[in-house]
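Asker: Residues per chain, in single letters:
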Amino acid sequence: MDDLQRIRSEMHRELNRPGERPAQSIGITRRTFLHRSLTAGAAAGAATYGWFPLINTIDVAHAQQTFKFAWVSDTHLYPKNVNTRFVEKATRAVKEAQAMSPAADFLIFGGDLAQLGDPVELDLGNDILKEVKIKKVFIPGEHDWYLDMGKKWESLFGKQPWTFDHKGVRFVGLDTVSRGPDYWTAKKMTPKQRMGHMATLDGSVAGAWAGVGRDQLEWLNRTLSGWAKDKPVIIFTHNPLYEYYPPWNFWVRDWREVHEVLRPYSNVTNVHGHTHQVLYNEIGKLRSIGMLATSWPWPYAPEGVPVLTTPMVRADPGDHFDGVGWAKLTAGGPKVENEYVMWRKDIFAEAAVDSGTGDNVNQVLTPRIADREWPYYGAHK
Amino acid sequence: MNRTRYALVALIGALALVLVVAFEGERALAHKEKHTPAQLKAFEEVFMEQVKLGDLLFHGDEATEKKLNVQLSKTGMACAMCHPFASDNHPHEFPKFQEQMNKFATLRDMINWCIEKPNEGVKIDPDSDAMKALETYIIWSNKGSKLDAGRH
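As given, the protein sequences belong to chains A and B, one line each in that order. Remember, the numbering used here sits 3 above the position in the first sequence when you count from 1. Remember, the numbering used here sits 281 above the position in the second sequence when you count from 1.
Note that these hints are calculated values from the structure, not bench results. All values reported here derive from a predicted model rather than from experimental measurement. Be aware that one or more of the hints could be misleading.
Said to hold, decoys possible - Below, a list of computed lysine to aspartate or glutamate pairs in the DMTMM-like style, where the Cα atoms sit at most 25 Å apart:
id	chain 1	residue 1	chain 2	residue 2
1	B	K348	A	E376
2	B	K322	B	E416
3	A	K190	B	E343
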């Protein structure tokens, strides 16, 4: 067993103590039962393979009344003259969220509105989001931030972190993108170069940029300190609050500290973007649900996919509405449901061989190499 | 008549023997040449040069595209945006029947399909420097994967 495996094993033992699970009050619904049986390998019928991720059902004790909210994220807009496809899909998601019946109480935009942080892209996104007349809240993604270090983003959408209470649920929005290490000053990068490296998911230059940070951890601790330990908390973040696949920043680097802060609370759900795929995980008492992008789906990482995730089908690259979409969430008395609105529902896998992870058998990957050289290889040759 | 025929056969046999000896001798000599560390390093450098070139093309490096006179995308999308670490490319599964093209396809066919369809770029010559570099990067990135040609 190597050091990394040993540390992970110790963390697993520490966080998943006997009897330690999210919200003891949670009932196992039929849908959850189906999911469990599938992950356990029991025969639940081939036709249901991959069906469960459409709906996650979580009981929330103490919520006062049922209400809905919508999640849209990862629109990755380019200027219209470069790419109209992403504009089309972002617009569709926003219109559908606005048309929800019963109406959503609010919309959370979960980051990566822009592709390269260009003010033109952010303004375009802001215009599209103006179609939504209900309350809107925002958290940034790394693509929104690193051209001007969040200036344009904050001028349009305000600052993070934030919190509000709604019908018995405490909502929290964290910024997991702006506390990356300074990889640009010593190399005298232009803002565009800095943004370019940040916008490359499999790049090595920006390093482990995803993090909550000491200041937000302290803020989170204070914010939750007056909240009953068993009352529902929903935390919105761009990156997942656990370690899925660090090379693509499918994590926050200080996730262990986040879990320490959240440990006393038994009813916490993290809803996150960035991974562009169906994901579900539980660590200790924290549940995490990964959201779809409207732009394009990422492949599942070669390792680290939570065993509780039933993966979505591998997407057809010839159909740009495949494997993408947004989400409707219902919270309150007493359930929270997450419904993925995937625009091609009929392509969910009916067999493991068609699933996004099943397709990755036999695959061994090596991280990219050209960005390990500086000055940037190629452009200077 | 018979003597003439025997002489002809003998001549042909002798010629064949000379050819075989000459050919085998040359091949034997080629195989006897030991590779020097400098040679091996040079082979590796040639390979890695292609890997790096392919990496840049795969990640949408404009300068490299310009240098090789190719336009792999007109949507702003680069190959790596759907295939980080060249994942989900499965070079070890080609050649195979590829549904999108409805034909038996090589990796180069698939690369060109992705350039032309999702990326809305301009197809490249299957034997071009750009194609060789892209293919090299994808295969290098998947080094160690289990060869499983034809798998869907």
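Asker: Does each hint hold? Answer for all of them.
Answerer: Hints, verified against the model:
1. The straight-line distance between the Cα atoms of K348/B and E376/A is roughly 19 Å, inside the 25 Å bound, and the hint therefore holds.
2. Restraint check for K322/B and E416/B: satisfied, since their Cα atoms lie roughly 21 Å apart, inside the 25 Å limit.
3. Between K190/A and E343/B the alpha-carbon distance is near 20 Å, which keeps this suggested pair within the 25 Å criterion.
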